[in-house]
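Peer 1: Given next are the chains, with one letter for each unit.
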Amino acid sequence: MNIKKLTIFAILGIALLGLCLLSMRYGSVFIDTGDFFSALLRKEGYETRSIIIYSLRLPRVIGGILAGVGLGVSGVLLQSVTGNKMASPGLIGVNSGAGFAVILALSLPAIPIAAIPFISFTGASLATLAIIAIAGRMGMTKNTVVLSGIAFSAILSAGISLLSLLDSDVLVGYNAFAVGSLAGIEAKSLTMPAVLIVSALLCALFAAQRINLLSLGAPIASSLGLNVRGMRIFCMLLASALAGAAVSVVGLLGFVGLMSPHIARALVGPDARKLIPCTALVGADLVLAADLIGRVVFAPGEMPVGVLMALLGAPFFLAILLKGGRRDA
Amino acid sequence: MLKIEKLSASYGKKQVLFDISAVIERGKFTAIIGRNGSGKSTLLSCIASLHSYSGKITLGGRDISSISRRERAKALSFLPQNLPITPFTVAETVAFGREPYTDLTGKLSDLDKKAVCRAIEQCGIAHLSDKRLGEISGGERQMAYLAMMMAQNAAILLLDEPTTYMDAPNARELLSALTLARDGGKTVLAVMHDLTQAIKYADNVILLDSGRPVFSGSRDAILQSGEIERVMGVESHRLADGQYVFL
Numbered sequence: 000m001n002i003k004k005l006t007i008f009a010i011l012g013i014a015l016l017g018l019c020l021l022s023m024r025y026g027s028v029f030i031d032t033g034d035f036f037s038a039l040l041r042k043e044g045y046e047t048r049s050i051i052i053y054s055l056r057l058p059r060v061i062g063g064i065l066a067g068v069g070l071g072v073s074g075v076l077l078q079s080v081t082g083n084k085m086a087s088p089g090l091i092g093v094n095s096g097a098g099f100a101v102i103l104a105l106s107l108p109a110i111p112i113a114a115i116p117f118i119s120f121t122g123a124s125l126a127t128l129a130i131i132a133i134a135g136r137m138g139m140t141k142n143t144v145v146l147s148g149i150a151f152s153a154i155l156s157a158g159i160s161l162l163s164l165l166d167s168d169v170l171v172g173y174n175a176f177a178v179g180s181l182a183g184i185e186a187k188s189l190t191m192p193a194v195l196i197v198s199a200l201l202c203a204l205f206a207a208q209r210i211n212l213l214s215l216g217a218p219i220a221s222s223l224g225l226n227v228r229g230m231r232i233f234c235m236l237l238a239s240a241l242a243g244a245a246v247s248v249v250g251l252l253g254f255v256g257l258m259s260p261h262i263a264r265a266l267v268g269p270d271a272r273k274l275i276p277c278t279a280l281v282g283a284d285l286v287l288a289a290d291l292i293g294r295v296v297f298a299p300g301e302m303p304v305g306v307l308m309a310l311l312g313a314p315f316f317l318a319i320l321l322k323g324g325r326r327d328a
Numbered sequence: 000m001l002k003i004e005k006l007s008a009s010y011g012k013k014q015v016l017f018d019i020s021a022v023i024e025r026g027k028f029t030a031i032i033g034r035n036g037s038g039k040s041t042l043l044s045c046i047a048s049l050h051s052y053s054g055k056i057t058l059g060g061r062d063i064s065s066i067s068r069r070e071r072a073k074a075l076s077f078l079p080q081n082l083p084i085t086p087f088t089v090a091e092t093v094a095f096g097r098e099p100y101t102d103l104t105g106k107l108s109d110l111d112k113k114a115v116c117r118a119i120e121q122c123g124i125a126h127l128s129d130k131r132l133g134e135i136s137g138g139e140r141q142m143a144y145l146a147m148m149m150a151q152n153a154a155i156l157l158l159d160e161p162t163t164y165m166d167a168p169n170a171r172e173l174l175s176a177l178t179l180a181r182d183g184g185k186t187v188l189a190v191m192h193d194l195t196q197a198i199k200y201a202d203n204v205i206l207l208d209s210g211r212p213v214f215s216g217s218r219d220a221i222l223q224s225g226e227i228e229r230v231m232g233v234e235s236h237r238l239a240d241g242q243y244v245f246l
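Which chain is which? The protein sequence lines are A and B, in order.
Under numbering that gives the first Met the number 0, the letters of the first sequence match residues 0 to 328, in that order.
Under numbering that gives the first Met the number 0, the letters of the second sequence match residues 0 to 246, in that order.
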């Protein structure tokens, strides 16, 4: 890795550290800078502030990092599988699958709210498996993955609309999940997503060179010894685990999976061996920055991170479209 | 030696190759020719294990379907007609050719790096090394992928219409590089749409007609047989320098 890229990684890493500290410093309870560092070091006399930092704000920070890493790296993997720079976790039914599962659970009596993260993860995973099965029957090419993803997601979205029409009360709970927020994250709910995201990230890093080969297209990649079909399924499963685990933490947080890979690609180039770790850092930085802005600017209340990401992400998405359109013209 | 025995292949219910048997001689340049839709590219895809088939393809006596992907990649390399424009540089693309020899992380050894440099120089694209594939011409891109093939260092090079999108000088350069590879002991098997080029550069020719093998043998033998003229509906003319043109 050259000096320029090392510098980029260092800057992203320092930015993440800074954002972590700022996220733990700022919140609805004001803690001044001196008190913050004393509380951070668990000094005597700062117990209350330590509890706020470690029990309330730290899980939120970790949740934000997990969401950014999970959704961002999921986006990179899906863009590699489909060869489509607009691909994001929504493409493999993560959003619609998780959303449908959550609204279905909310419609049923006796489903505890605490079970929502597990239900959303299960929904996301089942939707991805269904899309893999459908695309697999059509040869698992780039296009069949995209088309089966669009079709299956449309069915699930129709299901979400139907359930919300049948019982409008569920919409309140569903909207809180659908908007994407880091509020109220508890440390105990982070273990499973953390294990999944870290494991999937390591697998993706280990397979990065094989992921690079996918960009050469199936004939050349096969000729180089790659099991293209197997690799595509592997990447989709990893992407599902990453995004499903992230969604179970923060709800349907959009645009991170689209934006982070593009920003990372502009910074370190297309090589997945550098792109994946860079996207993980960019994703974590973006989510923490958006959450921090939402809390500082709108204090003492807060703007959910999903709303801010959409405000930032939608224009970004349009910019990509316009740039791509000019190039394709 | 690559041996094809009673090979048949279909697209859905439509059979496109019928009982093809041929021997691809080691260290020779063999051209597959035929009219559009005669099954040339499908035959090459079958040999590259990209298309399902019935029959048998053996490599040095071993059934090709029983060879692992990685081992097969060390023995056979394949270049399709349409080459992708990836965001990678020429040097990075050529380095992909070493994939069958690297570990899971894809880290290149000193030996791999030497092979990449050699392939880049062999194809005369050293000046393009740091350019991205999207920044170079179609002909240069073709040479970059040929260099990737050279870096792969397989004994058999399979190419599907390698000169289709190239102008005459670039096509000559690519075919000369293939001839050099042949002289270095490689076996070259290429689908070629340009009959003049095929007859000029190939040692052996396989002629297909509607998925059936009409002729398989040496260049001189096919010229004498008159099968090219009959199947392709062309006239051949021998020029003063001994070259053939087909009109």
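Calculated directly from the structure, the hints in this document are not laboratory data.
All C-beta atoms in this analysis are idealised placements derived from N, C-alpha and C, irrespective of residue type, glycine included.
Treat the hints with care, since some could be wrong.
To be verified - Pair ranges (Cβ atoms, derived):
#1 A/295 with B/117: 38 to 48 Å
#2 B/107 with A/314: 51 to 61 Å
#3 B/232 with A/128: 21 to 31 Å
#4 A/315 with B/232: 54 to 64 Å
#5 B/53 with A/228: 55 to 65 Å
#6 A/268 with B/152: 20 to 30 Å
Peer 1: Next step is simple, just say for each hint if it's right about the structure.
Peer 2: Results for each hint:
Between residue 295 of chain A and residue 117 of chain B the beta carbon distance is about 57 Å. The supplied range of 38 to 48 Å is therefore violated. A beta carbon spacing of about 40 Å between residue 107 of chain B and residue 314 of chain A contradicts the range 51 to 61 Å that was offered as a hint. In this structure, residue 232 of chain B and residue 128 of chain A break the distance hint of 21 to 31 Å, their C-beta atoms being roughly 53 Å apart. Checked against the hint of 54 to 64 Å, the pair residue 315 of chain A and residue 232 of chain B passes, with Cβ atoms roughly 56 Å apart.
Restraint check, residue 53 of chain B to residue 228 of chain A: a C-beta distance of roughly 21 Å breaks the suggested window 55 to 65 Å. Distance hint check: the CB atoms of residue 268 of chain A and residue 152 of chain B are about 26 Å apart, consistent with the given range 20 to 30 Å.
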